[in-house]
Each structure stands twice: as C-alpha cells, then as structure tokens.
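Novice: First to last, the protein sequences are chains A and B.
The first sequence begins at -9 in my numbering and counts up by one.
The second sequence begins at 403 in my numbering and counts up by one.
Misleading hints may appear alongside valid ones.
[Unchecked claim] DMTMM-like mimics (lysine to aspartate or glutamate), calculated; alpha carbons at most 25 Å apart, straight line:
#: 1; chain 1: A; residue 1: K104; chain 2: A; residue 2: E73
#: 2; chain 1: B; residue 1: K484; chain 2: A; residue 2: D92
#: 3; chain 1: A; residue 1: K127; chain 2: A; residue 2: E73
#: 4; chain 1: B; residue 1: K648; chain 2: A; residue 2: D153
#: 5; chain 1: B; residue 1: K484; chain 2: A; residue 2: E80
#: 6; chain 1: A; residue 1: K104; chain 2: A; residue 2: E119
#: 7; chain 1: B; residue 1: K484; chain 2: A; residue 2: D123
#: 8; chain 1: A; residue 1: K104; chain 2: A; residue 2: D92
#: 9; chain 1: B; residue 1: K648; chain 2: A; residue 2: D113
#: 10; chain 1: B; residue 1: K648; chain 2: A; residue 2: E169
#: 11; chain 1: A; residue 1: K168; chain 2: A; residue 2: E106
#: 12; chain 1: A; residue 1: K104; chain 2: A; residue 2: E169
#: 13; chain 1: B; residue 1: K648; chain 2: A; residue 2: E119
FYI, nobody ran anything at the bench for these hints, they're computed from the structure.
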Amino acid sequence: MAMIEIDRLVKRFGAYTAVSGVSFTVECGTVLGFLGPNGAGKSTTMKMITGFMAPSAGRIAVGGFDLAENPVEAKRRIGYLPEGAPAYAEMTPGAFLAFVADVRGLSGGDRRRKLERAIDLVDLGPVLEQPIDTLSKGFKRRVGLAQAILHDPEVLILDEPTDGLDPNQKHAVRTLIKEMAPSKAIIISTHILEEVEAVCTRSLIIARGRVLSEGVPRPGGAGWRFGALEAEPGRLDAVFRRITTGDSQNRERAA
Amino acid sequence: MSALTRGTLAIVRRELAGYFATPVAFVFIVIFLLLTGIFTFYVGGFFERGQADLKPFFMFHPWLYLLLMPAIAMRLWAEERKTGSIELLLTLPVRLWEVVLGKFLAAWCFTAIALALTFPVWITVSYLGRPDQGVILAGYLGSLLMAGGYLAICACLSATTGNQVIAFVLGVIVCLLFTVSGTPIVLDLITPWAPQALVATIASFSFLARFGAIVDGVIDLRDLVYFASLIAFWLYANAVVVELRKAN
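The following block holds chain A by itself, in its conformation from the complex (with noise of 0.2 Å):
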C-alpha cells in the first residue's frame, strides 16, 4: 500500500493557481524528490500534504487516512520540516522538543527514548540548553529535523532540508536520510540537482503547479532518466533545463 497518494491536487489562491491537478503516490521505502523552479507549487504541495493548507480540490491521504476525513490521524504519521525550520526562538531545544513529544502524546520510556533517539540522530546534545534563537542556522536547522523524525513517522516532509548548511552539514544531513529511507516514506523538496542524486531513488520536476517530468535512476546505476531524456551523473541540470523551459517555449508557440 502506497504511504502517500496524492489524486488530482488543487490549490487556487483567488485567480493564482498555485497547484493545478498534481497526482502521485510515494511508497514506503521511497525517497522522493520535488524539484523545481521558485515558485513551482512545490512547498503549497507539501502544506496541504501535513494538513496546513486545505485544498482546493483533490485528495491526500497518509497511511490509507483520508487528510480531509481523519486529519489528527494522518498528522500522527507525518514528520514536518517546514521551510526555513521554524522553531519557538524564546526556547531551548531540550524543551522545545519535549513539547512537540507532548503535543503527540508521547510519554513515560518511549517519549525519554524517542527523545534521545531523535537528539542522538541529529547531534543536538552540545546546544540542548541554549536558546534557538541563539543556534547558528545548522542547528537551527537541526532542530527542525529532530522535530519532524522525534516520533519516528512513517512519512516524512522535508521542505529545503539542506538550504543553507554547509558541505559537512549537508553531508550530514543526506546520510540521515539516507538511514531512515528503508523503512519510510520521504518527499523532499530542493533546487540543489547533486541533492537528488544523492539521496533520492525518484523525482518529479515541477513547474508552475505541474509534474512536467517524473525521473528514476537508470538502471545500472549512473545517471536519471526523466522519460525520453537521460543525463549522465553529475548533469541533471541541464535536463532540468531543457523540461522547465522547454514546456514554456512550446506553450507560447501553442498560443
């Protein structure tokens, strides 16, 4: 059963339509990448995913929960690093992260396990009593990531979870997703080409709210193929390229 299915996603913002018709599913075991331009849909796609936002129209649903029937359940099984890993600034990470477990009802040796579970995986213990507004933007980051994997969730949302670490943290980072990968289902979301090589086993290129291009690796392991177009390793970019702008230029020739 897919952890994930997405069914004909909408998302309108008076006229603007940010998010118009997008469908997938992710399975457990799967790390999914979104990538695409500013502006793509790609972050309004994951606010309705962990229930923030409300769609317009379309369905999700999180280990077979209907989002919009049953959303306490399906946020249960969700992990959230929203962009730009927003945190309460006034608190420390000690505590800040014990709230999140109160807030998902862990408690008594599975809540002090998961607590150090999570702050073991991501390396917090040196700033566990500094306050985050204090943190440099690695930790701030990490903060982030220990929240949204604290109660071991089947599916991870991962908004931009590498933007403005640096290599080692990056580095860090993607082998944490890496471990987890087996046994979850993982959407993240980035503009960096190297990061879904790195870590992502599919990927969808989207583009003013539309999967243009759904990517694999290919088979033998080097390189992607995004339907008809294949890039060696290390030259996503320019078959990134060639689907966002092409489909522009083809559009207004239609036209």
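Since chain A is already given, all that's left is putting chain B on it; use the hints.
Specialist: Below, chain B without anything else, positioned relative to chain A:
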C-alpha cells in the same frame, strides 16, 4: 473536563513558560500591581472612604485591562505568524480548537496569577475592618471573567496580523468599544438616530455596567452568561480567522 485535551494542556504549558521565559512577565506583573495599588489607594480613596470593601480596587480594573490585556494577548498568534512556527504548530496532530483554547487559557492563567498577587489588598481590607467576603470573592471572579472577555477579543485580533504592535492597537480599540458601549460616551452619540432596540443592544454589551453589578455583589446569571458567550464567540472567531489567514 473533556475539553482539556493532551494537546491543549501541552500548549497551555508552553505558552505559560513562554510568558516567563523573558523578564517581560515579571515587569508586567509589577506594573499591574503598582497600578492597582495607585488606583486603589490614591485615585480610589480607599482609606478616605472609610468603608471595608474593595470597590475602589475593582472599579478601575476595566480600564487597566483595556491596556494590559491587549499586551498579554498580542503575541499569541501574531508571533507564530511572523516566525512561521504556526505551520509547525498546526501540522501537529491536534485540532485547531484545541490550539485556540490552549493559547487563550495560557493568557487567562497568566492574568489569574497577576490577579491573585493582589492579595495584599484583600489582607489590608480584612485587617482594617469586616468586609463582606462574598462580595470580594464575587469581585475577583467577575474581574477574572471580564479579563477573559478582553483576552478572547485580543487573541482573535492577534490572529489577523503578523505584527504584534498592530495586534495591540486593534485590541485596545475593540476593547475600548466593548468597555464604554453602555456609557454616555457611546449612547449619547447613537440615541438621537438609532432605533430603541439597537441602543439597548449596544448598551447591553458594556463591560462596565455588567462588571459594576458584579462588584456590587449582584451576581446575575445573565452577566455570567454574557461574558461566557462573549469568550466563546471570540474564540470561535479566532479559529475562523486562523483558518482563513493560513493562505498568506
């Protein structure tokens, strides 16, 4: 107590801790105590009246709350919206009403703490004379209930903006309308042209009139129902505003 879910309680605890995370909470409480003291003993003429009651203490509460409650409630939603943490909060497995209730209750608890710390005034009047303790208790409960009304209004207005200063100013304006609606300030303006029923309705919204009755020891069920339904209405509006404003 089924309304107090796990999620609501966790949010109450977090918000309360948030108040005390900075010295602002203590500064606020000190200001509140100083002002109640000044109003009671200097402006209200507590000693000069020679009466063993707390009327001079309670009669200024609506005016104090008018400025202090918007200050307590302004951060509740505006800060979440500004930092984007609202996205995190509302994707946790809790219902929106649990969050709305939790935030409101935290602000209300904080006010209750500040109000409870005025106990020296009660000790003073009890030491100097034999006041009617039932009336004093009614005054405290009425004051807390009225504070809840102000807080519910300001919490809702805080959700309309990401700017705490705007939230504060909006709060003061709307609270002022509710405070003075039954006084000549408003009634003289509308009586000449408005139909009788409208004038009566607007007058009935007045915090001053209803709270005044409670402080006199007259606990009318209608006054209690008024404040309770006012709180319920504004909390409902709060949830609606949060839902509508998520998009931007």
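Novice: All hints are to be evaluated individually against the structure, with a verdict given for each.
Specialist: Against the structure, the hints:
1. K104(A) - E73(A): holds, 24 Å
2. K484(B) - D92(A): holds, 24 Å
3. K127(A) - E73(A): holds, 13 Å
4. K648(B) - D153(A): holds, 24 Å
5. K484(B) - E80(A): holds, 14 Å
6. K104(A) - E119(A): Status holds; Cα separation ~18 Å.
7. K484(B) - D123(A): holds, 14 Å
8. K104(A) - D92(A): holds, 12 Å
9. K648(B) - D113(A): Violated, at about 33 Å.
10. K648(B) - E169(A): Status violated; Cα separation ~34 Å.
11. K168(A) - E106(A): Satisfied, since the Cα-Cα distance of roughly 20 Å is no more than 25 Å.
12. K104(A) - E169(A): holds, 17 Å
13. K648(B) - E119(A): Between K648(B) and E119(A) the Cα gap is close to 32 Å, so the pair fails against 25 Å, i.e. violated.
Hint compliance for this structure: hints 9, 10, 13 are broken, all remaining hints hold.
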